[in-house]
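As you go down the protein sequences, you meet chains Y and X in turn. The opening position of the first sequence corresponds to residue 7 in the working numbering, with each subsequent residue numbered one higher. The opening position of the second sequence corresponds to residue 268 in the working numbering, with each subsequent residue numbered one higher.
FYI, nobody ran anything at the bench for these hints, they're computed from the structure. Treat the hints with care, since some could be wrong.
[Unchecked claim] DEER-style ranges, computed between Cβ atoms:
#1 Y:Phe74 / X:Asp439: 18 to 24 angstroms
#2 X:Ala347 / Y:Asp67: 18 to 24 angstroms
#3 Y:Asn95 / X:Ala463: 21 to 27 angstroms
#4 X:Ala286 / Y:Gly13: 30 to 36 angstroms
#5 X:Ala347 / Y:Val9: 18 to 24 angstroms
#6 X:Glu509 / Y:Gly13: 48 to 54 angstroms
#7 X:Ala282 / Y:His71: 28 to 34 angstroms
#8 X:Ala285 / Y:Ile81: 33 to 39 angstroms
#9 Y:Val105 / X:Ala285: 36 to 42 angstroms
#10 X:Asp345 / Y:Ala84: 33 to 39 angstroms
#11 X:Val479 / Y:Asp67: 17 to 23 angstroms
#12 Y:His71 / X:Arg289: 16 to 22 angstroms
#13 X:Phe354 / Y:Ser8: 22 to 28 angstroms
[As the list claims (entries may be wrong)] From chain X, some residues computed to sit far from chain Y (all C-beta separations above 10 angstroms):
#14 Ser280
#15 Glu315
#16 Gln435
All values derive from a computational prediction rather than experimental measurement. Cβ atoms here follow ideal geometry from the backbone N, Cα and C, with glycine treated the same way.
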Amino acid sequence: MSVNLVGLALLMAAVTYPFRAIPLFAPTKDRLPPVVQRYLRLVGPAILAALAAGNTAFAEDAEGHNAFHLGIEWIAVALGVVLIAWRGNVFVGILAAAVLVALSRAVMGV
Amino acid sequence: MIEQGASSAAGSSNADIAAARRDLVLASLGFAVSGVGFGLVYGLAAREAGFSVIEATSMSVFVLAGAAQFAAVGLIADGAGWPSIVFLTAILNARHLLYSAAIAPWLGGRPRLERAAMAHVLTDETFALSLAHFQRLGRADALGFWLAAGFDSLSWPIFTAVGVIAGQLIPDPAQLGLDVVFPAAMGGLAVKLATARPEVAAAVAGAALAVVGGIVVGPAISIVVGGFLAPIAGLLIEREGEPSR
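Taking the hints into account, I'd like the entire structure generated from these sequences.
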């Protein structure tokens, strides 16, 4: 069994791990300037919203490229977001979003 | 300032913590179901690109970053060289710098060895769930972090291996609607974190930059750019609300 690509996996991990680790070993919050503390507090909503939008608005086209896409996924994600915000329960939101998309694709093929 | 060390008991009772952990586990299970589906698909794609089960699974264990791994499989299939794959991985995973920086104030009090291990499992899902969990409690909760990380970090490599071995037997996760689990959860958690105008502005700017930037330069890069730049919109709103001198 081939193990050649394990080396590639290790190299990929070697460039990923510092991003994940360095700030965890940097000075703690009290020693950061106030503006940096405020910036970091805003990173959570900013990056999560960017991930949500980026993963909803784009889909692979027939040639395998990521292209802007309008579809039932937008409604499903909006439904999930509203339910999570309203009920405070992530599981309910993602379940509703997945069921809506699965049903739409099964019934209407969208 | 709220004490954010894991040892602090301020801000939440035992009942609050139990309820918050229960919700965290439920949400993690939702992500895990999605992770199972896409782990299988990733394993199958890796096998078709020529990966052995050891190679595909080791990538899921060591890298633990789906987007970069799918990109790597595609590039290997196209015959790309390792340097280009490693470079692309660094670009795609640069957003983890933000996760680590944002969560560091909560976990700064943990032992160094534990933080080193926490860093390895700091994925999109672990970050989102942990940060929302900590903010709900008003303090860090190391067990909560490990609960969030555990489901994600275990299901992904296990089902990568299953995907390599038997991936052709499973249905397309998209047929089950699993492709919207990730964005729905991320959007919902963003809304939960957006408790004041600056946070709302940062979230709206992040979403807008991801979409507009995605059209211009592609979604992978625009998400990273949105994560770095959008908090500035929140800072500007915050500054506007301050009394003038």
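Now for the hints, and whether the structure bears them out:
1. Y:Phe74 / X:Asp439: 18 to 24 angstroms: 22 angstroms, holds
2. X:Ala347 / Y:Asp67: 18 to 24 angstroms: 21 angstroms, holds
3. Y:Asn95 / X:Ala463: 21 to 27 angstroms: 22 angstroms, holds
4. X:Ala286 / Y:Gly13: 30 to 36 angstroms: Distance hint for alanine 286 of chain X, glycine 13 of chain Y is violated at roughly 46 angstroms.
5. X:Ala347 / Y:Val9: 18 to 24 angstroms: 19 angstroms, holds
6. X:Glu509 / Y:Gly13: 48 to 54 angstroms: 53 angstroms, holds
7. X:Ala282 / Y:His71: 28 to 34 angstroms: At 50 angstroms between Cβs, range violated.
8. X:Ala285 / Y:Ile81: 33 to 39 angstroms: 35 angstroms, holds
9. Y:Val105 / X:Ala285: 36 to 42 angstroms: 28 angstroms, violated
10. X:Asp345 / Y:Ala84: 33 to 39 angstroms: 35 angstroms, holds
11. X:Val479 / Y:Asp67: 17 to 23 angstroms: 19 angstroms, holds
12. Y:His71 / X:Arg289: 16 to 22 angstroms: 42 angstroms, violated
13. X:Phe354 / Y:Ser8: 22 to 28 angstroms: This hint holds: roughly 23 angstroms between Cβ atoms.
14. Ser280: The claim stands: serine 280 of chain X keeps its Cβ more than 10 angstroms from every Cβ of chain Y (closest is about 17 angstroms).
15. Glu315: Holds: least Cβ distance 13 angstroms, greater than 10 angstroms.
16. Gln435: At about 19 angstroms from chain Y, glutamine 435 of chain X clears the 10 angstroms cut-off, so the statement holds.
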